[in-house]
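Asker: Sequence order for the protein chains is S and G.
Note that the numbering used here numbers the first sequence so that position 161 is 161, with each residue one more than the last.
Here the numbering used here runs 255 ahead of the position in the second sequence, where the first position is 1.
I should point out that these hints are in silico values taken from the structure, not numbers from a laboratory.
Keep in mind it's a predicted model, so treat the numbers as computed, not measured.
Fair warning: there could be bad hints in the mix.
What the hints assert, rightly or not - In silico DSSO-like links for lysine-lysine, alpha-carbon gap of 27 Å or less:
no., chain 1, residue 1, chain 2, residue 2
1, G, Lys353, S, Lys7
2, G, Lys263, S, Lys7
3, G, Lys430, G, Lys353
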Amino acid sequence: MTPRQSKAIFFSVIVLLYIPMTVVMVFSFNHSLRSLVWHGWTWQWYVSLWHNHELAKVTGRSLLLGVCAATSAVFVSGVAAFTLYRYRFFARRALSMLLLALIVVPDLVLAIGLMLLFRHLHIPFGFWSLWLAHTAFCVPFAVMICSNRLSDLNPNMLTAAADLGASSWQTFSWVVLPAMHSSLMVSWLLSFMLSFDDVVISYFVSGPSYTILPLHIYAMARLGANPEINALCSCLFVLTVVLVLVSQRLMRRRT
Amino acid sequence: MTNRCLFKRLMILSTSTWFLIMVVLPFVFMFLMSLSLDGGNTLWPKEWTLVHLTELFDPLYARIAWQSLFFSMMTTGVCLLIGYPAALALTQIPSRWKPLCLSLLMIPFWSSSLVRIYALMTLLKAKGIINSLLMHVGVVHLPLPLLYNNAAVIIGQVYTLIPFMILPLYALLEKHDRCWVEAARDLGASEWQIFWRVFWPYSLPAVGNGILCVFLPAMTLFYIPTLLGGRGSLVLGSVISEQILTQDDWSGGAATSVLLTLFLLVLIGLYQWCFRDREGENV
Numbered sequence: 001m002t003p004r005q006s007k008a009i010f011f012s013v014i015v016l017l018y019i020p021m022t023v024v025m026v027f028s029f030n031h032s033l034r035s036l037v038w039h040g041w042t043w044q045w046y047v048s049l050w051h052n053h054e055l056a057k058v059t060g061r062s063l064l065l066g067v068c069a070a071t072s073a074v075f076v077s078g079v080a081a082f083t084l085y086r087y088r089f090f091a092r093r094a095l096s097m098l099l100l101a102l103i104v105v106p107d108l109v110l111a112i113g114l115m116l117l118f119r120h121l122h123i124p125f126g127f128w129s130l131w132l133a134h135t136a137f138c139v140p141f142a143v144m145i146c147s148n149r150l151s152d153l154n155p156n157m158l159t160a161a162a163d164l165g166a167s168s169w170q171t172f173s174w175v176v177l178p179a180m181h182s183s184l185m186v187s188w189l190l191s192f193m194l195s196f197d198d199v200v201i202s203y204f205v206s207g208p209s210y211t212i213l214p215l216h217i218y219a220m221a222r223l224g225a226n227p228e229i230n231a232l233c234s235c236l237f238v239l240t241v242v243l244v245l246v247s248q249r250l251m252r253r254r255t
Numbered sequence: 256m257t258n259r260c261l262f263k264r265l266m267i268l269s270t271s272t273w274f275l276i277m278v279v280l281p282f283v284f285m286f287l288m289s290l291s292l293d294g295g296n297t298l299w300p301k302e303w304t305l306v307h308l309t310e311l312f313d314p315l316y317a318r319i320a321w322q323s324l325f326f327s328m329m330t331t332g333v334c335l336l337i338g339y340p341a342a343l344a345l346t347q348i349p350s351r352w353k354p355l356c357l358s359l360l361m362i363p364f365w366s367s368s369l370v371r372i373y374a375l376m377t378l379l380k381a382k383g384i385i386n387s388l389l390m391h392v393g394v395v396h397l398p399l400p401l402l403y404n405n406a407a408v409i410i411g412q413v414y415t416l417i418p419f420m421i422l423p424l425y426a427l428l429e430k431h432d433r434c435w436v437e438a439a440r441d442l443g444a445s446e447w448q449i450f451w452r453v454f455w456p457y458s459l460p461a462v463g464n465g466i467l468c469v470f471l472p473a474m475t476l477f478y479i480p481t482l483l484g485g486r487g488s489l490v491l492g493s494v495i496s497e498q499i500l501t502q503d504d505w506s507g508g509a510a511t512s513v514l515l516t517l518f519l520l521v522l523i524g525l526y527q528w529c530f531r532d533r534e535g536e537n538v
């Protein structure tokens, strides 16, 4: 392939990937309710989104859940990545295999398992079950990012720290954590997005009285398209773009 | 010294506990539930049965399973056909443009697949953009039935999952040494031979990886057929959610999930077995 051909191939794939979202974004400003023909610019759908109390409540829950799940996932995966990197113990190989498998395991299978777990442990389906489940499915991705970073860390740094009399905790907090800093932030962002967008797991572990934003969108989309969802989806897409750009910048700074 | 040991033990213990409770235990519960006769109200089944597992070979379920497999195979095939050239093309784009191109690829990877499926709905529906354009130009007079059929489901799955095919392929092909291509060209290989004899064998592990990442989600993402498919378009994931949430048949749902997990383990095992020697060669 010549460079020109490869550019053409790549960009046609990209264009195909972006056409649907672009259409939704453009039509979220359309004045017509049926979104069939262009009737001129309007902000009205965004205004009605802003005044939708149900939606505000659901979005608030999703944001809270995303922040909580991302924070706990980063905490768990930071510890897990460090343990897998630093220590040799009997279950180490099994654990790293499990992590690799979890990345390919469909969300649905994990969701069913977690649903049964919560039922047996009598954890009510609502915020707590969602928090635990989201943390559980974000952790493998976050560990992957952190482990990638840790594998670049020179092990002699840890030995040097120990030689200079640092305790394990001091080594962890003064040598390892600063090295993992940016990858922890990227994991946080990725976990937040995964949690904020997740449909499959939330569909199973949320209770009837506790819906969150993706489930709300799913219910609305099942009834068919309407300009208000167009506006909502455009907002979410823009949020994703911003977060991806931030995380790309963080990743680049690290090297 | 004791402090050091304590810290190490604490780290190992907390990591192992987390994965034991949040990953291993759910799978154990799922397995037990699929074998229990009394609907799994107790943790350890009082009466054991294989009914829920054999039920899955019922013609009705078998038909859905085949359909689901068919969707997944079509989706994986199309993803590979489009994704491979795209990944190969991405490696040859001048390095000045690469960060931008990667960002463009990462955005669909990160963004909500539900939002993107919804976007596809607005595009394909009877009064959507494609039909409006076609009717405006005069190619067709009645709107084409683009939505609510099996083709729409496959389009939706490809559209959602294609980044998962492109990214592993790109990650491996990027490391490919250009010297091999030059050498092959010097020895008189055609473009097709270069692809078939140089790139393809080298990229097989990533192809396997991409297939794993596309094939299984395609069987389980139940909201894609719900939103885009017709009355009869179901995937295995739709069956599971139907069994558990609508029919309240927990054991049945667990049995279907167990079957899916076994299938997954076979696929992962196959992947490991195929590329066991190869990975040693490459690294």
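Asker: Holds or violated: G/Lys263 with S/Lys7, Cα cutoff 27 Å?
Answerer: The hint is violated at about 51 Å.
Asker: Are G/Lys430 and G/Lys353 close enough, with their CA atoms no more than 27 Å apart?
Answerer: The hint holds at about 14 Å.
Asker: Take the C-alpha atoms of G/Lys353 and S/Lys7, compute the straight-line distance between them, and say whether it is at most 27 Å.
Answerer: holds (11 Å)
Comparing the model with each numbered hint stated earlier shows that hint 2 is the single one that does not hold.
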